[in-house]
Amino acid sequence: MSAPAPSPLAVVDAEPLPRQEEVLTDTALAFVAELHRRFTPRRDELLARRAERRAEIARTSTLGFLPETAAVRADDSWKVAPAPAALEDRRVEITGPTDRKMTINALNSGAKVWLADFEDASAPTWENVVLGQLNLIDAYTRTIDFTDPASGKSYALRPDEELATVVMRPRGWHLDERHLTDADGTPVPGALVDFGLYFFHNAKRLIDLGKGPYFYLPKTESHLEARLWNEVFVFAQEYMGVPQGTVRATVLIETITAAYEMEEILYELRDHASGLNAGRWDYLFSIVKNFRDGGAKFVLPDRNAVTMTAPFMRAYTELLVRTCHKRGAHAIGGMAAFIPSRRDPEVNKVAFEKVRADKDREANDGFDGSWVAHPDLVPIAMESFDRVLGEKPNQKDRLREDVHVEAADLIAIDSLDARPTYAGLVNAVQVGVRYIEAWLRGLGAVAIFNLMEDAATAEISRSQIWQWINAGVVLDNGERVTAELARAVAAEELANIRAELGEEAFAAGNWQQAHDLLLKVSLDEDYADFLTLPAYEQLKG
Numbered sequence: 045m046s047a048p049a050p051s052p053l054a055v056v057d058a059e060p061l062p063r064q065e066e067v068l069t070d071t072a073l074a075f076v077a078e079l080h081r082r083f084t085p086r087r088d089e090l091l092a093r094r095a096e097r098r099a100e101i102a103r104t105s106t107l108g109f110l111p112e113t114a115a116v117r118a119d120d121s122w123k124v125a126p127a128p129a130a131l132e133d134r135r136v137e138i139t140g141p142t143d144r145k146m147t148i149n150a151l152n153s154g155a156k157v158w159l160a161d162f163e164d165a166s167a168p169t170w171e172n173v174v175l176g177q178l179n180l181i182d183a184y185t186r187t188i189d190f191t192d193p194a195s196g197k198s199y200a201l202r203p204d205e206e207l208a209t210v211v212m213r214p215r216g217w218h219l220d221e222r223h224l225t226d227a228d229g230t231p232v233p234g235a236l237v238d239f240g241l242y243f244f245h246n247a248k249r250l251i252d253l254g255k256g257p258y259f260y261l262p263k264t265e266s267h268l269e270a271r272l273w274n275e276v277f278v279f280a281q282e283y284m285g286v287p288q289g290t291v292r293a294t295v296l297i298e299t300i301t302a303a304y305e306m307e308e309i310l311y312e313l314r315d316h317a318s319g320l321n322a323g324r325w326d327y328l329f330s331i332v333k334n335f336r337d338g339g340a341k342f343v344l345p346d347r348n349a350v351t352m353t354a355p356f357m358r359a360y361t362e363l364l365v366r367t368c369h370k371r372g373a374h375a376i377g378g379m380a381a382f383i384p385s386r387r388d389p390e391v392n393k394v395a396f397e398k399v400r401a402d403k404d405r406e407a408n409d410g411f412d413g414s415w416v417a418h419p420d421l422v423p424i425a426m427e428s429f430d431r432v433l434g435e436k437p438n439q440k441d442r443l444r445e446d447v448h449v450e451a452a453d454l455i456a457i458d459s460l461d462a463r464p465t466y467a468g469l470v471n472a473v474q475v476g477v478r479y480i481e482a483w484l485r486g487l488g489a490v491a492i493f494n495l496m497e498d499a500a501t502a503e504i505s506r507s508q509i510w511q512w513i514n515a516g517v518v519l520d521n522g523e524r525v526t527a528e529l530a531r532a533v534a535a536e537e538l539a540n541i542r543a544e545l546g547e548e549a550f551a552a553g554n555w556q557q558a559h560d561l562l563l564k565v566s567l568d569e570d571y572a573d574f575l576t577l578p579a580y581e582q583l584k585g
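The opening position of the sequence shown corresponds to residue 45 in my numbering, with each subsequent residue numbered one higher.
If you are wondering where the hints come from, they were derived from the structure by calculation, not from laboratory data.
These numbers were taken from a predicted model, which means no experiment stands behind them.
Here a beta-carbon is modelled for each residue, glycine too, at the ideal position from N, C-alpha and C.
There could be a bad hint or two in this list.
[To be verified] Below, simulated DSSO-like cross-link-like pairs (lysine-lysine); rule was C-alpha separation at most 27 Å, straight line: (1) K123 to K436; (2) K584 to K564; (3) K123 to K398; (4) K145 to K197; (5) K248 to K145; (6) K145 to K341; (7) K370 to K436; (8) K145 to K584; (9) K398 to K436.
[To be verified] Listed next, with one range per pair, are the computed distances between beta-carbon atoms: (10) D252 to H448: 44 to 52 Å; (11) E581 to G254: 24 to 32 Å; (12) E66 to L443: 42 to 50 Å; (13) A452 to P384: 34 to 42 Å; (14) P419 to A95: 37 to 45 Å.
Start from the sequences, fold in the hints, and give me the full structure.
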């Protein structure tokens with residue numbers, strides 16, 4: 045340990061939780077306080093820089109590779125640190141929140157990696173933030189079990205050698221943790237709370253288990269934000285007395301600005317980097333957010349019409365594979381979000397074929413692994429990657445030097461033939477309302493229409509409604525998208541939900557609140573940077 049403890053942090057506006065004292069120890073909070081003191085001011089500067097960059101995009105309607113970092117891209121001599129043994133084979137990764145049942149099921153799933161999610165698959169109630177940490181501590185000490193109160197079914201961990209390796213995802217830089225404040229009443233960034241508590245409690249324990257503190261970094265918008273994370277890692281390892289380079293981070297390239305800085309992001313994190321990931325919904329959300337006033341050429345069609353084979357999405361994924369392999373990093377593919385139906389084998393058959401085709405494409409394109417949202421999809425994805433990888437742990441030796449992506453290719457949205465439809469508008473409203481309602485109840489990963497949805501889904505839904513209204517889009521049925529049309533569709537959806545659930549269940553939910561919040565972030569003239577910011581103000585607990 046280093047340095048005297050800084051001013052303690054205060055837990056505010058939170059009901060006491062069972063066993064919270066095991067997570068919120070004085071020494072752990074002192075560590076988080078020191079992270080906050082050292083790094084929050086720079087975080088604040090970088091958030092201001094995001095706004096400046098967005099204003100520049102609004103003026104120019106374009107993006108390009110950075111001239112000031114051309115030397116980093118041109119220098120073929122640097123590589124990221126070699127992958128530790130526990131992250132050498134990542135052919136299938138399962139994602140999900142850190143509730144007790146999911147923790148056991150994900151670790152037991154047969155996937156190589158579990159993305160233990162404190163971000164988009166977890167609504168940041170204080171209970172989820174603290175007890176999620178406790179569940180991971182219990183998993184590493186093998187003191188975790190769970191009995192489903194409804195079914196009576198019991199869950200327990202398999203032997204250590206059969207468990208997935210955990211890669212934990214903290215919240216993005218933009219979200220604060222309102223329940224943890226410094227002496228001035230300033231909230232600590234959620235990213236530093238999630239990272240700090242996890243690293244403090246588990247870094248040495250994970251090393252003893254032959255693994256390490258591994259992280260997924262979300263919502264990164266520039267290499268300077270990656271540099272800040274690297275500084276956090278260097279300090280944290282020194283503070284805890286663990287060797288430099290113990291941390292490994294995989295960065296989600298899920299913003300359009302980060303897509304132009306992939307090499308620079310790996311360079312900034314090179315002693316701690318283990319790969320990049322291609323995240324679809326947040327990436328589309330970021331395109332809409334940044335180019336929302338760019339006119340018709342930037343209008344996205346229905347979200348389900350934008351597949352990974354769209355030319356601008358293909359440019360992004362192929363550039364990601366080439367960039368990662370050039371620098372010795374893993375390239376991790378996108379999410380298979382399908383949730384198998386227990387009642388409809390025909391639905392499953394069609395969906396499984398789509399999942400298989402998607403994973404085959406990724407494996408054949410050179411990705412080293414991919415994501416699934418449900419344990420039943422693990423064998424399908426595994427088969428696709430086994431077919432290409434065989435006994436090899438990855439295919440980083442496939443350099444994809446045939447790939448050549450120009451700056452304009454990444455934002456060639458109008459290369460897509462599909463156009464917005466009325467059904468797409470209805471789906472955006474349906475998914476938006478249903479997801480937000482569940483989020484306000486503390487659920488971040490929600491099954492809607494046989495798909496596992498998270499906050500990124502709601503972001504693309506409300507962003508598309510906003511974009512279509514402001515671009516004056518005319519749908520396939522001849523109707524122009526207006527605020528009035530969006531309100532009418534939302535009112536109809538609310539009535540349908542009421543009929544579907546019955547009065548009592550409807551009244552017990554947050555349906556009107558979710559409806560109102562979706563319309564607010566879809567119709568307000570001032571576009572909210574993140575739906576989760578106004579939603580967090582309404583989140584209880």
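| 27 Å limit on alpha-carbon distance, applied to hinted pair K145 and K341 | violated, 45 Å
| query | Per the hint of 37 to 45 Å, is the separation of the Cβ atoms of P419 and A95 within bounds? | reply | holds, 41 Å
| request: Assess, step by step, whether the Cα of K145 is no farther than 27 Å from the Cα of K197, and give holds or violated. | output: The hint holds at about 11 Å.
| task | Using the Cβ atoms, figure out if E581 sits within 24 to 32 Å of G254. | result | Since E581 and G254 have Cβ atoms about 43 Å apart, the given range 24 to 32 Å is violated.
| Taking 27 Å as the top limit, are the C-alpha atoms of K248 and K145 close enough? | Holds, at about 25 Å.
| request: Below or equal to 27 Å on CA atoms is what counts here, so check K145 against K584. | output: holds, 22 Å
| request: Decide if the proposed pair is consistent with the structure: K123 and K398, CA atoms, cutoff 27 Å inclusive. | output: violated, 35 Å
| field | Agreement of K370 and K436 with the hint, judged by alpha carbon distance not exceeding 27 Å | value | holds, 18 Å
| task | Assess, step by step, whether the Cα of K584 is no farther than 27 Å from the Cα of K564, and give holds or violated. | result | Cα-Cα ~19 Å, so holds.
| message | For K123 and K436, compute the direct alpha-carbon distance and say whether it is at most 27 Å. | response | holds, 20 Å
| message | Verify the CB-CB distance for A452 and P384 against the hinted window 34 to 42 Å. | response | Check passed, 40 Å falls within 34 to 42 Å.
| field | Cβ separation of E66 and L443, checked against the hinted range 42 to 50 Å | value | holds, 47 Å
The structure is inconsistent with the numbered hints 3, 6, 11, although it conforms to all the rest.
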